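Produce the complete structure using the sequences and hints provided.
So for the sequence shown, the numbering used here puts the first residue at 396; every next one is plus one.
Simulated from the structure, these hints should not be mistaken for lab results. Hints are supplied without guarantee of correctness; some may be wrong.
[Said to hold, decoys possible] Using 20 Å as the maximum straight-line C-alpha spacing, the simulated PhoX-like pairs for lysine-lysine come out as follows:
{"#": "1", "residue 1": "616", "residue 2": "578"}
{"#": "2", "residue 1": "464", "residue 2": "438"}
{"#": "3", "residue 1": "468", "residue 2": "438"}
{"#": "4", "residue 1": "565", "residue 2": "601"}
{"#": "5", "residue 1": "409", "residue 2": "468"}
{"#": "6", "residue 1": "464", "residue 2": "409"}
{"#": "7", "residue 1": "426", "residue 2": "565"}
{"#": "8", "residue 1": "426", "residue 2": "450"}
{"#": "9", "residue 1": "464", "residue 2": "426"}
{"#": "10", "residue 1": "438", "residue 2": "409"}
{"#": "11", "residue 1": "578", "residue 2": "507"}
{"#": "12", "residue 1": "601", "residue 2": "507"}
{"#": "13", "residue 1": "578", "residue 2": "624"}
{"#": "14", "residue 1": "601", "residue 2": "616"}
{"#": "15", "residue 1": "468", "residue 2": "507"}
This one's a predicted model, so the numbers in the text were calculated from it and none came from an experiment.
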Amino acid sequence: TAVTDIVPDVVVAKDGSGNFTTVGAAVAAAKDSSTARFVIYIKEGAYFEYVDVDKKKTNLMFIGDGIGKTWIKGNRSVVDGWTTFRSSTVAVVGTGFIARGISFENYAGPSKHQAVALRSGADFSAFYQCSFVGYQDTLYVHSLRQFYSECDVYGTIDFIFGNAAAVLQKCNLYARKPNENQKNIFTAQGRDDPNQNTGISILNCKVAAAADLIPVLSSFKTYLGRPWKEYSRTVFLLSQMESLIDPAGWLEWSGDFALTTLYYREYKNTGPGSNTTARVTWPGYAVTTNETEVIQFTVGNFIQGSQWLTSYNIPVYLNLT
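What follows is the structure, encoded as structure tokens:
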């Protein structure tokens with residue numbers, strides 16, 4: 396369904412031409428515990444506010460005018476006294492949340508440590524053609540089942556992290572220029588129990604350097620991930636990796652912590668960064684060409700996409716391709 400075909404319930408506009416001038420006011424106006432979809436159209440502009448879609452606000456949809464046009468911005472950070480959890484510009488917990496055509500940013504900067512742009516703990520949440528812009532800890536895939544399609548994610552340290560079951564499909568992941576003596580790490584998955592059905596699945600994505608990193612690429616090391624928790628689980632499947640990835644591929648968290656218990660896999664990736672000949676030799680890491688091993692990380696299998704995503708009118712494929 397084209398954006399123009401979706402009739403919003405309320406309109407947010409900075410210039411007063413809508414029902415509300417802030418996103419937060421529109422969220423507050425949504426009926427609690429709704430089983431019907433409630434659509435909030437957020438017109439082009441930069442909205443400097445902190446938005447909380449709490450668990451009572453179910454089946455909300457944010458539609459913006461597109462990446463780089465509709466912005467929700469904040470700058471909370473750990474250095475300025477917030478917890479990582481509370482630093483998010485936008486936090487969503489309500490089941491069935493959808494966002495489309497919005498840029499979420501935390502502009503605290505690379506010296507402010509953890510500073511989250513978006514945190515999702517919303518089951519059945521989906522983000523289509525959105526961007527997430529920050530430095531350390533940009534996108535907090537906190538918990539439950541989440542889907543990201545055709546999104547752009549920008550960051551430096553651990554910038555896709557958390558303990559959700561998250562699939563990123565056809566997304567662009569961009570490492571930015573960090574501070575001196577910092578490294579870039581795309582993921583820090585937080586599974587702390589081997590029975591949790593969580594993990595980060597990067598499927599048919601592009602792994603690349605942002606414009607500010609390209610001229611100084613040789614000054615910084617960049618890794619696919621590191622184990623935030625003991626049973627950290629991350630897979631890169633059928634993705635295109637540019638030359639920024641260090642030959643080792645993956646980074647320790649602290650000494651030999653989690654290296655035997657983590658689960659990291661690379662499957663049929665392409666591009667100069669996908670060369671696995673000098674990769675780490677941890678017990679928990681492997682390169683695989685076995686489709687039956689990675690099929691569990693598809694949208695259909697990992698987040699049960701056929702049960703919910705197919706009704707969302709956003710492009711998705713349930714299998715590896």
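Structure-based check of all given hints:
1. 616 to 578: Between residue 616 and residue 578 the Cα gap is close to 5 Å, so the pair holds against 20 Å.
2. 464 to 438: holds (8 Å)
3. 468 to 438: holds (14 Å)
4. 565 to 601: Distance ~7 Å between residue 565 and residue 601 Cα, so the pair holds.
5. 409 to 468: holds (14 Å)
6. 464 to 409: holds (13 Å)
7. 426 to 565: violated (33 Å)
8. 426 to 450: holds (12 Å)
9. 464 to 426: violated (27 Å)
10. 438 to 409: holds (8 Å)
11. 578 to 507: Roughly 15 Å between the alpha carbons, so the hint for residue 578 and residue 507 holds.
12. 601 to 507: Between residue 601 and residue 507 the Cα gap is close to 27 Å, so the pair fails against 20 Å, i.e. violated.
13. 578 to 624: Holds, at roughly 19 Å.
14. 601 to 616: At roughly 18 Å apart (the allowed maximum being 20 Å), residue 616 and residue 601 satisfy the hint.
15. 468 to 507: holds (16 Å)
Of the hints listed earlier, those the structure fails to meet are numbers 7, 9 and 12, in rising order.
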